[in-house]
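S.K.: Those letters in the sequence shown? Residues 88 to 445, per the numbering used here, in order.
Among the hints, erroneous ones may be present.
[Unchecked claim] Computed beta-carbon distance windows for the label pairs: (1) R416 x K143: 50 to 56 angstroms; (2) V277 x Q103: 25 to 31 angstroms; (3) T315 x I233: 16 to 22 angstroms; (4) F236 x G105: 48 to 54 angstroms; (5) L343 x S222: 38 to 44 angstroms; (6) S222 x R416: 16 to 22 angstroms; (7) Q330 x G281: 42 to 48 angstroms.
Hints listed in this document are in silico derivations from the structure and should not be mistaken for laboratory results.
Since this is a predicted model, take the numbers as computed values, not measurements.
Glycine included, each C-beta is placed from N, C-alpha and C at the ideal position.
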Amino acid sequence: MRASALYNEDLAPIPQSGPERRWGAYEFAALWIGMAICIPSYMLASSLIAGGMSWKQAIFTIFLGNLIVLVPMLLNSHAGAQYGIPFPVFARSAFGVLGANIPSVARALVACGWFGIQTWIGGQAIHTILLSLWSGWRGVPGGIWICFFAFWAMNMYVVIRGTESIRILEDYGAPFLIVISVALLAWAYVRAGGFGPMFSAPGKFASFREFLPFFVVSLTGMVGFWSTLALNICDFTRYAKSQRAHVVGQSLGLPLTMTLYSFIGIAVTSMTVTIFGAAIWDPVALAARMGSPIAVAIALAGVVAATLTTNVAANIVSPANAFSNAWPRGISFRTGGIITGILGVAMMPWKLLANYET
88 MRASALYNED LAPIPQSGPE RRWGAYEFAA LWIGMAICIP SYMLASSLIA
138 GGMSWKQAIF TIFLGNLIVL VPMLLNSHAG AQYGIPFPVF ARSAFGVLGA
188 NIPSVARALV ACGWFGIQTW IGGQAIHTIL LSLWSGWRGV PGGIWICFFA
238 FWAMNMYVVI RGTESIRILE DYGAPFLIVI SVALLAWAYV RAGGFGPMFS
288 APGKFASFRE FLPFFVVSLT GMVGFWSTLA LNICDFTRYA KSQRAHVVGQ
338 SLGLPLTMTL YSFIGIAVTS MTVTIFGAAI WDPVALAARM GSPIAVAIAL
388 AGVVAATLTT NVAANIVSPA NAFSNAWPRG ISFRTGGIIT GILGVAMMPW
438 KLLANYET
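Could you put together the complete structure from these sequences and hints?
M.R.: Below, the structure is given as structure tokens:
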């Protein structure tokens, strides 16, 4: 098998007794905490509330959407844990050896775009931290670009160190992100003296008949939020100690984290109405208005950590394996990760975000 043109060490099946099988229930829960705590998740409920839902309806929709997407995710997880194979190899059973490149590369290109966008967001957070701590940074030529490529290099460093470094990043990143999130909620509650006006505001729908069409569309969006990860989740479950490990870890990590973090997003935003007189959904914009440079730096350090744990797991692992599968003899997982990083920059995320905002 090693002589085959389709073989490389990174794509080869991992034996169930292999030393790489180090992911238990905690690792999978930490993986989802690290991926789910991110800026898009924080702002997820904003469109639902703006569309007319009450905060309870928005939270229920998010929870139900993640329960639904958990089903295909666990089903696709089985092959990874059973056979120790990544998604591109799993796809060969349905699409054929060459045809498997179609879904895996299509998934990879989407991830490359998101990698670039998340890297730009992380770079902006670092840039804001430096501005809050050192006024002279404003005069540094190309400061935002320095921060962007510094954050890009952080992502590439984790990938070059291999998949074990990703496990370590998520293991230690998850509790840090939980502490930062709870601290943000506590800070806002103390400053506002309560949960704010959003928690007393009713939904805008007069009847269930009016509510149902918006609910169905919103629920579809919630299911789609992590649907790409449901496709390639065996990229991670191939490292599972057992089937039970990934089932328990993912069942706890995905729906609970998404629901609770969306609740924090709603609660903190509601309290910003009392604190600042306007709803601030963007956590980067909120951190910039905290006043104390130390508070700004700590809050944005949380943004950087959240973006890093999401970016590496959600937007690098899949394309790295996909590119490796396209040319197994010439592209390793690490090389595929570097290709992902280069394509992410080539897609010019600063322009993608500028076009979105305008």
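S.K.: 16 to 22 angstroms was suggested as the range; check whether the CB atoms of T315 and I233 agree with it.
M.R.: violated (31 angstroms)
S.K.: Within 42 to 48 angstroms or not, the Cβ separation of Q330 and G281?
M.R.: Hint holds: Cβ distance 45 angstroms, inside 42 to 48 angstroms.
S.K.: Please check whether R416 and K143 have a Cβ separation lying inside 50 to 56 angstroms.
M.R.: holds (55 angstroms)
S.K.: Between L343 and S222, does the beta-carbon spacing fit 38 to 44 angstroms?
M.R.: holds (41 angstroms)
S.K.: Is it true that S222 and R416 lie within 16 to 22 angstroms of each other by Cβ?
M.R.: Because 53 angstroms falls outside the window, the suggested range is violated.
S.K.: Are F236 and G105 spaced within 48 to 54 angstroms by their CB atoms?
M.R.: With a Cβ separation near 36 angstroms, F236 and G105 fall outside 48 to 54 angstroms, so the hint is violated.
S.K.: That 25 to 31 angstroms hint for V277 and Q103 (C-beta), does it hold up?
M.R.: Violated - the Cβ-Cβ distance for V277 and Q103, about 50 angstroms, lies outside 25 to 31 angstroms.
Comparing the model with each numbered hint stated earlier shows that hints 2, 3, 4, 6 do not hold.
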